[in-house]
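Engineer: Which chain is which? The protein sequence lines are E and B, in order. Under the working numbering, the first residue of the first sequence is numbered 17, with each subsequent residue one higher. Under the working numbering, the first residue of the second sequence is numbered 17, with each subsequent residue one higher.
With the Cβ distance kept under 7 Å, some of the chain B side facing chain E (calculated, not the full set):
| hint | residue |
| --- | --- |
| 1 | A183 |
| 2 | A187 |
| 3 | A233 |
| 4 | T290 |
| 5 | A317 |
| 6 | V321 |
Think of the hints as simulated: they come from the structure by calculation, not from any bench. From the three backbone atoms N, C-alpha and C, an ideal C-beta is built for every residue, glycine too.
Protein chains: 2
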Amino acid sequence: MADASDRSNRFLRALRREPVDATPVWIMRQAGRYLPEYRATRERAGSFLKLAQTPELACEVTLQPIERFELDAAILFSDILTVPDAMGLGLHFVEGEGPKFERPLRGDADVAKLGVPDPETSLRYVTDAVRLVRRELRGRVPLIGFAGSPWTLACYMIEGEGSRDFARVKAFALDEPAGMHRLLDINARAVAACLSAQAAAGAQALMVFDSWGGMLAPVMFEEFSVRYLAQITSLLRNDVHARDVPLILFSKGANASLEGLADTGCAALGVDWTITLDEARRRVGGRTALQGNLDPATLLASLEVIRREVRRVLDDFGSHPGHVFNLGHGITPDVDPEHVAVLIDAVHREFCDHP
Amino acid sequence: MADASDRSNRFLRALRREPVDATPVWIMRQAGRYLPEYRATRERAGSFLKLAQTPELACEVTLQPIERFELDAAILFSDILTVPDAMGLGLHFVEGEGPKFERPLRGDADVAKLGVPDPETSLRYVTDAVRLVRRELRGRVPLIGFAGSPWTLACYMIEGEGSRDFARVKAFALDEPAGMHRLLDINARAVAACLSAQAAAGAQALMVFDSWGGMLAPVMFEEFSVRYLAQITSLLRNDVHARDVPLILFSKGANASLEGLADTGCAALGVDWTITLDEARRRVGGRTALQGNLDPATLLASLEVIRREVRRVLDDFGSHPGHVFNLGHGITPDVDPEHVAVLIDAVHREFCDHP
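Isolated chain E, as found in the complex (with noise of 0.2 Å):
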């Protein structure tokens, strides 16, 4: 198995497709409510917001999967919704609900009313986090940062809160390109200013969640959300905080446009359960890696069929450089955190040789 100094390395090295002693795994949502440490936090907390913006309760979360498991990486805990609260929304939860803005945008007067926000003054909470969290992992796993995608984000500022479909956005984008096409740019360089704060306070790679871009059509898809992530992996490129950091992309459900978002120039993909990692390694041609792609549901079965999906999971990618294991999706509330350990452990040893 792995010393120390590999489980540091190996998820850098995966995302620059470099070979690896075992394929790296990190589970998204890892800092989350199937952990009875983190409930108890949360409660601690008294909301889920007063967490994600107090650092030292972020902090705190954050390292709790890493002091648990052989993970290979730590990603912030934090919102994506911080940003468009930075821009003045007024993001609120609502217990069993879900989180909702106060005044989400009604038009295209709202959207000219929006600047892009310092992520050192009103998205303070989360660099402070960053440092904090650096300095706690003493070096054991390198840190993520992420944001929301420019057309995620959108969702959420035109709904106000989320949505089965997403209707209300999608007519506007539809009806008012125009308008549409300000706010996307507008979120688009916010985001990259978040991502670069947070690089510059220390986060070793980057990830930009796209929950809904796969609820666009293909042609839709590359015009309000593809073209978004490429304006921000080409902000981060020039960056001088974030130039050399990892950027990852995950447009859940977006598997017919896998080719538009490896042209962005991203790192890596992440890929939901959907699709085969074999034929998604093919639609890239290898020119990213790929993070994923069990279904998160898979961790309510067996251990047996844990470990068995597992390997099915690696086989399907094979063995080439480039690979981080991950869920397709965020872990569920009820899931055993033994299974975890399991299937954190059968990645590691299951491992097929890179050639």
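Following the hints, put chain B in place on chain E, whose structure we already have.
Structural biologist: Frame of chain E; chain B shown alone:
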């Protein structure tokens, strides 16, 4: 524009990939809450189940969109969960929460007790409605009968209700594949019997809705959904009532597996809007007709945008035989019926002539 006899023929000709005078169009959930006349009948019925299980009322709402619009097909007003209800699971609808079963399946022992219901007794209200609708349609347009897929029915039968991720049924499939295969085999035979009975009663096309197959990883989709869609196709091909009735399969979100779906030998595949019809057509190699695939959210946009997006879908398919225009998912309750009229007119007018 088309005369009455064209309207009566177009849909079935397109399913057989024969030349047509204009692309036929119908709309998933066309008999639904966006229509004031539907809401009036629904109120009169008292409950959704009463509406679906009273042939005269089901016939009335089935015909409403046909009277109002130049649609090229009617689809029976019914519900996919009537089949498991007939198997004894106790279907009921909770206002604002959707369908629930009183007696969901809790394991192998529950599966062992299930049998294939005789549609002419326990689903008599379905076949009675088919006969009534055929009489009232007087040959204006063909009537589509339908059922849920074995996998999708199993999702509700095991979860007991809808679910965001259907994690419980997936874990059951992973942990107890033999029990799941027993259930899916019973469901496939029950669905085939129900579809055969609808054909015998006069349905001129049949459709299977696999609403949740697309939540499965491709290997599991093949094992737990496609295999049983193929079983249904094969049973119907050898069925005296259904053998000449075209069968449409629609697995929402399963675009990674279109080839496998086409291999079942069905007449047509429904396609959601997250893939272009051009790519879908290339993937199935022209072996089936295609039905779809406008994003339902488009109907909330302006009339001008609706016309443009209709043209885009028609252009995506191109000038080949075998296209039935539809949305990529059901129409939503907030759509203005005038927008539907414009969509239908645009499909018929913007028609690209076949070679």
